[in-house]
Amino acid sequence: GDLYLPGEPPLAGIVLVPGVAAAGKDDSRLVAFASTLARARFLVLAPDLPNLRALRVDAEDAQGVADAFAHLLARAEFPPHGRAGIGAFSYAVGPAVLAALDPAIRDRVDFILGVGGYHDLNEVITFFTTGYFQHQGEWRYLQPNSYGKWVFVMSNAGLLSNPGDQSALRSIARRRLDDPESSIDDLRVELTSQGRALLALLENRDHLRAAHLIDALPIPIKNHIKALNLANKPLSRLRAHLILLNGTDDAIIPYNQSVALAAAARPGAAEIFVIDGLAHVDVNPLGLDRVKLWRAVSSLLAQRTIGDGKKE
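Sequential numbering from -13 applies to the sequence shown in the numbering used here.
Worth flagging that the hints you see were computed from the coordinates, not collected in a lab. Keep in mind that this is a model prediction, so the values were computed, not measured. Incorrect hints may have been included.
Pair ranges (Cβ atoms, derived) [unchecked claim]:
#1 His67 x Arg281: 48 to 54 Å
#2 Pro(-5) x Arg281: 23 to 29 Å
#3 Asp12 x Glu63: 20 to 26 Å
#4 Ser168 x Pro89: 44 to 50 Å
#5 Gly144 x Asp192: 26 to 32 Å
#6 Gly144 x Gly123: 34 to 40 Å
#7 Glu63 x Glu124: 17 to 23 Å
All C-beta atoms in this analysis are idealised placements derived from N, C-alpha and C, irrespective of residue type, glycine included.
From just these sequences and the hints, can you work out the full model?
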């Protein structure tokens, strides 16, 4: 991992988990954010998680996050009695929250920053395949970005028992990541029943059929979804304060997921900021709700000194 040291003695620490991107901890956006946090007197550790760089997400990544957090606390530079947290982006919010539930570190994780994260993976799958999500009991539609769909394939193809299915589905994902309109007919014919079950879900556009198609997935994939899902976890046991940001037009993970994640935490333990102009994990200066974004930033900065009587 990379350690970002403040110019002055740090006031707090944070493990900053990259999103699902090939550059991983070296992604220019993450480097810029980590550098900014260091200037704000956070001791920042950005771990290198190979799965995320390979466009995969696994529940086992939570152990890597927990190990990074324990290492941060053990650093000589970490301030005595300092507060510490975990920040994560997109699908990496799942492993970050799972790490914060780990009894080995749970009582030391003071805050979690989640940008564009999820709560219920079944609902996220329904969204990235059909564009539909529920908010306040009503179905809403937003044209989904297909990136999330193909990350799902990359994360799950290796769980299929047939090597031919694994190879064909990874090829489909890479081809569609490069060109969403590319033909996959030559790869489709290579699939067995397990591979076709996964492809049927990906090609479905009817949100009312999504639950049935998810249930028809091979058992290893369903177990993988269950392990990463946060909706079936005891989130009320989190000791951390949650600061959750989501864009109103997030086309990868819709904002209702951060709203649900906040609602599942202990009463009063979460702040939710649904922000115009936040496109998943990127800021769009045009139309950006700067006031709400600044409130979220202020909440994060406040984590440095809560409880010690200081004011920055």
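Quick rundown of the hints versus the structure:
Against the hinted window of 48 to 54 Å, the Cβ-Cβ separation of His67 and Arg281 comes to about 27 Å, which falls outside the hint. As the Cβ distance of Pro(-5) to Arg281 is approximately 27 Å, the hint placing it in 23 to 29 Å holds. One distance hint, 20 to 26 Å for the beta-carbon pair Asp12 and Glu63, holds here, with the actual separation near 22 Å. A C-beta distance of roughly 46 Å is found between Ser168 and Pro89, which places it inside the suggested range of 44 to 50 Å.
Look at Gly144 against Asp192: about 28 Å separates their beta carbons, and that is inside 26 to 32 Å. Checked against the hint of 34 to 40 Å, the C-beta distance between Gly144 and Gly123 comes to roughly 37 Å, which is consistent with it. About 49 Å separates the C-beta atoms of Glu63 and Glu124, a value inconsistent with the hinted range of 17 to 23 Å.
Of the numbered hints stated above, those contradicted by the structure are hints 1, 7, listed in ascending order.
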